[in-house]
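There are 2 protein chains.
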Amino acid sequence: MLTRTALDQLDRDDPLAPFRGRFALPPGVVYLDGNSLGPLPRATPGRVAEVVAREWGEGLIRSWNDAGWIDLAARVADSIARLVGAAPGSVAVADSTSVNLFKLLGAALTLRPGRCVVVSERDNFPTDLYVAQGMAAFLGGEHRVRLAEPGAAIDATGDDAAVVMLSHVNYRTGAMHDMAAVTRAAQERGALVLWDLAHSAGAVPVDLSAADADFAVGCGYKFLNGGPGAPAFLYAAPRLHAGLRFPITGWLGHAAPFAFKTEYRAASGLAQAVVGTPPILSLAALEVGISLALEAPLSDVRAKSARQVALLAALIEQAAPGIFRRVTPDDPARHGSQLCLSHPDAYAIMQALIDRGVIGDFRAPDILRFGITPLTLSYADLWDAAATLGAVMAEGAWRDPRFAVRGAVT
Amino acid sequence: MLTRTALDQLDRDDPLAPFRGRFALPPGVVYLDGNSLGPLPRATPGRVAEVVAREWGEGLIRSWNDAGWIDLAARVADSIARLVGAAPGSVAVADSTSVNLFKLLGAALTLRPGRCVVVSERDNFPTDLYVAQGMAAFLGGEHRVRLAEPGAAIDATGDDAAVVMLSHVNYRTGAMHDMAAVTRAAQERGALVLWDLAHSAGAVPVDLSAADADFAVGCGYKFLNGGPGAPAFLYAAPRLHAGLRFPITGWLGHAAPFAFKTEYRAASGLAQAVVGTPPILSLAALEVGISLALEAPLSDVRAKSARQVALLAALIEQAAPGIFRRVTPDDPARHGSQLCLSHPDAYAIMQALIDRGVIGDFRAPDILRFGITPLTLSYADLWDAAATLGAVMAEGAWRDPRFAVRGAVT
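One line per chain: the protein sequences are A and B, in this order.
Each residue of the first sequence is one higher than the one before, counting from 11 in the numbering used here.
Each residue of the second sequence is one higher than the one before, counting from 11 in the numbering used here.
Chain A with its partners taken away, still in its complex shape (with noise of 0.2 Å):
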């Protein structure tokens, strides 16, 4: 039997808690969708009102040179590439994570000429799938996307196969792939492997170099903090970077941007990925969230990510008896930092919680989905939201009708 009294003494044996006083948290509310949209940061809107006010309002174009702007989403690349094991100079910051999907996506596929098929596992982020799909389409010819069971992306790769496209951590399960036994293994087959780490950057410990991993995806906005549609990462092993040719090719990603010359001449290593003039308010956000998240140690993160998830499993299971199905793997060596239960209705289940304060989210079908972001998260926060979620099904509050009208974002 778990108690409140115990928590509590978690919270205070918590090397992270000191962290959360660097979030602004409003009142009244158990946060569980840190996986979805990070808090804010207590330091970003200082941050953005100086790049705003004076960058911006004072100093106009010239901030482009002297307020650092166009060093920006380089400086923020490399506070990445520490995050998820990678050797500086190749990881950029641009765009989003859709659209550099597409980039490597076409790096992959111009890199292994004669192969056509990207693989992919069907639960994988709709995203991801979508933006292989369109590529294909585009490409038209042999060019197709194979979507394998979950799990089975590996026998799915045959030698037409290109590409390997997978989620590090599932964003409705949880469920995380081993990196360095998936991606040893497509590559066997002569295939690349591209990571998308938008539910495990930040979370869980990534190390892109150890597992040799070709080609990596992220989000600015989830576990780094950077805010709604934060600008995403891009990574490139530095064994590809000579034959890199990535299919947008624009200005900032030119090796002389400012000579204007007419023919394009790549920059070295992942600059080239960058394209278009990058959002300076949006990235300086993401900047201070990134810094947030570099000083915690990773290692403490994941325990403490780990234990919660765990711990959040046992509270629900405690309050609400055999009502909620597991998906996320029990093994911490298999999820992410979340828990994912499933319950028919979940859907108004989620908005009953929302409307008591305890904000998780809901995946379709049936997922209610809990974030587990250890910097913002105390131990008492998952005595709360369990105890909440018991009281809301045995109160049967979720039945209200207004729980049942979905709103535009679900």
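If you're looking for bench data, these hints aren't it; they were derived computationally from the structure.
Any given hint might turn out to be false.
Chain copies aren't distinguished; within one or between two, either way the pair holds.
Unchecked claim - Distance condition first, Cα-Cα at most 20 Å in a straight line; then the derived SDA-like pairs of lysine to any residue:
(1) 271 to 372
(2) 271 to 143
(3) 271 to 164
(4) 271 to 416
(5) 271 to 255
(6) 271 to 146
(7) 271 to 132
(8) 271 to 95
(9) 271 to 122
(10) 271 to 28
Please arrange chain B on chain A, whose structure you already have, making use of the hints.
Coordinates of chain B only, in the frame set by chain A:
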């Protein structure tokens, strides 16, 4: 002989004069670079702070519905549509100008199977050329870019041309194409036309519908005052929507993004051109800029812009006679909202000018570029700019060695 008194009278009679107070311009600066980065609207810092602190910080993930983030890009797009003579639903705000060029070039090539050439002009903005070159290299085979001399794109449009890609106003010279005439001529040759409006949207009247243009892209951070790296926009004529296929297909362009289906199904109209999650902080700033632009009658803006281009040229000739060669066409029907002058020492001269608070910019190899932004620029500003340039030349101030050192952004 022009006098300062005459210019002051023009300011008193200027119907757009009140707009100047709506922008935060630093003291002691004459800003002639609003065509590179538009100045800061006074309403922007408050709006951005609200989005950061209240919508993100307090609303958290709920703001996608409650603060209307999910509709923000479409709302801004419909405002831009009014500014460029586009039907509602035919403009999307997304990504950068470069990425949008890629999407539209891909759509054009798909709509004209068998035609593999992108026609443009040698002096088009480099990123436009780079994007087309990247696309051609990626597709391989017969795909290529054909660069005509300025003004000769139509002559270079044979029956192998899928699309003619031109800037409405040239970034380096200010020369403006006759959009309707060029569009008609290209279409008679069986090609589609893609207009880059970066240097015209918000500065000169643009009527995409009346010109029967096929495609267009444009920039949010120049005359639309959206802030550094603001999101860009793209347009496709409604008559093309049914057959539109973009190469990059992401989740927010899906007909039902939150159903998380495995198969991509395009949203209707230009909504399918949105790919990834939009950068909300940057979009919120852009919305403020667009709203301001929409308040000013574009006929007033155009009349003042043409008059200011002519006056600045005359004032400079008066202050520094016979020194500069005018590159921008004389006829206001053939130029946009900038005055470009050439001089072998243009780089150092511009640095000396900037040092004295007159901010224009340099464009390689020998262009002094002065952007005319009628909402913020007074007639007296023109006098001050010309007088400063006259003094710089008379004193030889630009020969100071520190003005020869090039920054990252020149």
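Evaluated hints:
1. 271 to 372: For residue 271 and residue 372, only the inter-copy Cα distance (15 Å) is at most 20 Å; the intra-copy one is 50 Å.
2. 271 to 143: between (34 Å within a copy, 13 Å between copies)
3. 271 to 164: Neither way: residue 271 and residue 164 sit 44 Å apart in one copy and 23 Å across, limit 20 Å.
4. 271 to 416: between (51 Å within a copy, 17 Å between copies)
5. 271 to 255: Only inside one copy: residue 271 and residue 255 sit 19 Å apart there, 31 Å across copies, limit 20 Å.
6. 271 to 146: Between copies only: 18 Å across chains, 32 Å inside a chain, cut-off 20 Å.
7. 271 to 132: between (44 Å within a copy, 10 Å between copies)
8. 271 to 95: neither (35 Å within a copy, 32 Å between copies)
9. 271 to 122: For residue 271 and residue 122, neither the intra-copy (30 Å) nor the inter-copy (29 Å) Cα distance is at most 20 Å.
10. 271 to 28: neither (51 Å within a copy, 40 Å between copies)
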